[in-house]
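Number of protein chains: 2
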Amino acid sequence: MLPYMKHTGYVNTQQVLVNTAPPYVALRANERLASVMTVATSDCSGGAGIEADLKTFTAHKCYGLTCMAALTAQTPQGVYSIHEVPREHFELALKSNLRDMQVDAIKTGMLTKNAVGVLLEVMSGLKAEERPPIVVDPVLVASSGASLVRDESVIQDIKRLAPLATLITPNVHEASQLLGCTEQELQLDNVENMISKAQELQIVTQCPNVLLKGGHAPWTDVRGKRYVTDVLYTKNGNCVVYLSDCCDSKNTHGTGCTLASAIASNLAHGENLEHAVYGAIQYVHNAIEIGCSVSKAHIKENGPINHVYGIKTPLREMVKDLCYSAHALAIDSQDNLPEDDAPKGNSTRSSSTSSLVSQIRDSGHFFEYLVSDPRVKPHWESYTKHDFVKRVADGTLEREKFKFFLEQDYAYLDNYAQVHCIAASKAPTTSDFDKSVQIVTSIKTEMERHREKMMKHFRIPDMKHFDEIKMGSALKNYARFFDDVAKNGSWIHLCAALSPCLMGYGHALDNFKDAITVDKDDIYYSWCQDYLAPWYRDAMQEGLVLLDRVCQMTDDWDSLCEIYATVCKLETAFWDAALQYEASR
Amino acid sequence: MLPYMKHTGYVNTQQVLVNTAPPYVALRANERLASVMTVATSDCSGGAGIEADLKTFTAHKCYGLTCMAALTAQTPQGVYSIHEVPREHFELALKSNLRDMQVDAIKTGMLTKNAVGVLLEVMSGLKAEERPPIVVDPVLVASSGASLVRDESVIQDIKRLAPLATLITPNVHEASQLLGCTEQELQLDNVENMISKAQELQIVTQCPNVLLKGGHAPWTDVRGKRYVTDVLYTKNGNCVVYLSDCCDSKNTHGTGCTLASAIASNLAHGENLEHAVYGAIQYVHNAIEIGCSVSKAHIKENGPINHVYGIKTPLREMVKDLCYSAHALAIDSQDNLPEDDAPKGNSTRSSSTSSLVSQIRDSGHFFEYLVSDPRVKPHWESYTKHDFVKRVADGTLEREKFKFFLEQDYAYLDNYAQVHCIAASKAPTTSDFDKSVQIVTSIKTEMERHREKMMKHFRIPDMKHFDEIKMGSALKNYARFFDDVAKNGSWIHLCAALSPCLMGYGHALDNFKDAITVDKDDIYYSWCQDYLAPWYRDAMQEGLVLLDRVCQMTDDWDSLCEIYATVCKLETAFWDAALQYEASR
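In order, the protein sequence lines correspond to chains A and B.
According to UniProt numbering, the first sequence is numbered sequentially starting from 1.
According to UniProt numbering, the second sequence is numbered sequentially starting from 1.
One chain only, chain A, in its complex shape (with noise of 0.2 Å):
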């Protein structure tokens, strides 16, 4: 197999055979890639300046190109040397860039003086259908605080830049200084007053377009949650308002170079304004929110987000392929490499509990274990004691919040017999894989039965209908969590994950079955003895030596215990929606 290699006089010699790109991601060879200018300041931290733009770029699958107006050295703790690079170089890195390379967005960051007076020249030099677009974020002042161009004269250089721009993208501070007002006079306390600012800083700028960035100043919505609202206001007088939630995070430096990078990388793409600023928002937002922790303790806050977070690790990927031959040399690191990249919790398992580990291991009962766990307890709890339950068995609940329940419950089980084809495709060993096979084909027959039912209830006319149903939001956000253990999880998290719909019902009903007083014709009271059934009853028995297998075949149990507690909280929240239910007139 291995046909280069005659013998060596060196004995502690090994060859292997790298192997090359996955098949079909090698289709796409000599690709295209959208390419994106960053001109901006270096900041060797790596948290903003075009270091967090290149690694937006990056993740963002687009190509980065740099143009340096100065570097920094800072950290999140502060800025500790500015050095500006020379005007003739930065002509001549900018010039070379757009004469040799593709560049099809250009997003700015801190600029000098000498910067802007280059990159205005060479822009307005272009015509107007051969000017990439460009993303300009108004940086006035680093995260850290510090200024680094103390020059006063920089919002003059923006207000010149910005009608060549394609957008421009100024927070509450910057918004205040580019109006000459303070943030307080910006009165950015509704949504309208936000549009108005936005249409006045069109005015002021004249750049086309102005996303108003509402992240230094969260409001709070009635029920006490915090949210961030960014306006865009467009150049045909259109406006969008994006709202997404808050993060309670300290680390947030480098959040306005990110967010006008991915814009950029998103308008490099073909994207239009609306969706680029879109996408470039839940970038962001998730990124602060996932978070990462690279700085050393004595760093408290103004730490950097996580650019990464949606990447996988190459070599993971490598040796997971079929054909990767370089087991030989993990002879020690064969233990280093996980075996998947599993989300890994901060094991709270001390050494006295260890022993409860292998006596679980033992003697079963890994099912008792996750649903005392605290983390996924109060979850169960208000899964298996949901007031649903309780209102079907003595037949309070309405009919029509009944029937959507059903209906969401329908499409439910499509999604579910769906994620458990993917749990065969993962089955570890045949017998595993011919009972998610079986279990597809149940969940089939099952929802059969449920269309009978319900068009014998509900006088449902065809089966048009059950095509027709539309996911709810409760539902859509636990099919969502399906997707996403099937397509990142391994077999053992998929079994976690679909555990809690199977145990669930079951310890539900067992809750409740003193409280069953609907008449026995009901619909209500067939539901309820489904799931108190000798079938549902193996079907659980079942279930909990599946659990007892996967528990031996990861240490990881932390993950488990996070999967389980997530699917609690979707499936409360699934029973929740069906209270909540109103049947639109």
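Hints should not be assumed to be uniformly reliable.
Since the list gives no way to pick one copy over another, a pair counts as held whenever it fits inside one copy or between any two copies.
Computed list of lysine-lysine pairs in DSBU-like fashion (alpha-carbon distance at most 35 Å, straight line) [said to hold, decoys possible]:
| no. | residue 1 | residue 2 |
| --- | --- | --- |
| 1 | Lys435 | Lys476 |
| 2 | Lys403 | Lys320 |
| 3 | Lys456 | Lys435 |
| 4 | Lys401 | Lys456 |
| 5 | Lys320 | Lys464 |
| 6 | Lys453 | Lys435 |
| 7 | Lys95 | Lys250 |
| 8 | Lys235 | Lys113 |
| 9 | Lys520 | Lys487 |
| 10 | Lys312 | Lys127 |
| 11 | Lys476 | Lys513 |
| 12 | Lys476 | Lys444 |
| 13 | Lys127 | Lys456 |
| 14 | Lys312 | Lys250 |
| 15 | Lys320 | Lys444 |
| 16 | Lys487 | Lys235 |
| 17 | Lys476 | Lys403 |
| 18 | Lys487 | Lys476 |
| 19 | Lys312 | Lys300 |
| 20 | Lys159 | Lys235 |
| 21 | Lys453 | Lys401 |
| 22 | Lys453 | Lys320 |
| 23 | Lys296 | Lys159 |
| 24 | Lys225 | Lys235 |
| 25 | Lys385 | Lys401 |
| 26 | Lys113 | Lys435 |
| 27 | Lys470 | Lys95 |
| 28 | Lys312 | Lys470 |
Don't read these hints as lab results, they were simulated from the structure.
Starting from the known structure of chain A, fit chain B onto it as the hints suggest.
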């Protein structure tokens, strides 16, 4: 659903909820990213230097930091300007990164005299156990041919740095300079010499580990195939020889930077050196082979490699997300967003052939279209007219080859069933879903028949035999392609990938049915008859109908042709492997 919005005076206002992070991914909150610092020079055109380094770190899910010794204004065309960063600034960047940030590995590239001085001072000031692993790419000239640092003492500098490093990665040219000889004198024309030169480099540089790269001087094997040899010589006197196919690409700008950065990334992830080097070689190999087109037309060579080949575009992924809420914004961009990340070939259909398209769509025959496509036809022919089938039909095939084939085919069916499970999970309609599940069940039945036949004819004593079948490399390649399409392709692509097996066996037997002269009691005879049997013909007929449906669902017939061609090649190789099989004695 959008509670925050009061009526505003602005008519054209849309409100959009921004989704949160994919739930499973978000479980890894505040993850400790592996972090790597590049100490090198900037290449504004993005192909090499700190730009290539940051792209590589990001593509490896690492957090990147920089410490720049100099900036260059360069493109694949040449170097236009070099600007050295002042010593004080470099020193502050280096020290503040090391003080405030986690640095799990360092990669050095093109350096200046000052930079080497500071780096040596700072690194020797650290205790060995505090010093992160350093990968030294001993850059002497850029791949554009220009020497960035004219001072001849650069070789001495590298020799001063190397003892503090973990690995040094010279190419042939750099090796000759470090050893003080010409490239010819190195005589790198066989593995033994490469190992011995790597050992000499270890002595000369005092770097504990040496990777001697052969990429600039590929060798040719007995079959005329060019391949690249890289040799890792480690501090324990162990040696790993990495063999990879040679890519005939002129776009190799930045490969040295990228390789060293990928190694540093893998080391930062905690991989051992042998594995880290393997992963890096494959990554660079893929990045060259897949390639990209980002320079303007007048640039003919030395273009950049594709650092982002494995990355998915976030916005495209978001749009597929069940909870994505910005569809309403997509008024004119809905068309811009392709259905998925399918490989897009350059459409070969001119307007004259588009009438053929509508003709096929109206009347069927998409299968005939596929197998007569010039990219598919030669591979379809060599597959369906394969000597293997002829030799089964006339009974001249050696029994042990047939047994090997049946075993591989058995293992193939297992995989084939798995891929049908994934096709089921992606099926666009319930009826497609049901069909896939049916197929899975019938494959399972076929596998059973397979086992019975083999146990009878080859006197296999027990079932364990079938679980112990080792996949041969032809099967591995085939399964790998399936896996890849299952993960990255759509249902349509999977249909195309699964079709050649079904259709080809039938057509192959059609081609050789007059040659079936083997005895009727022979297993060869019944094997032939299976694919001529009515039930098989029915399945083929269903396969034709499916392809006719598939061609209605996409305009991107090129991708389907590429996939069809690839699978025909894999089928041919599968039968080749059986013919070439020699039982080991």
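Report task. Please write out, lowest number first, the hints stated earlier that are contradicted by the structure. Result -> 9, 13, 16, 26 and 27
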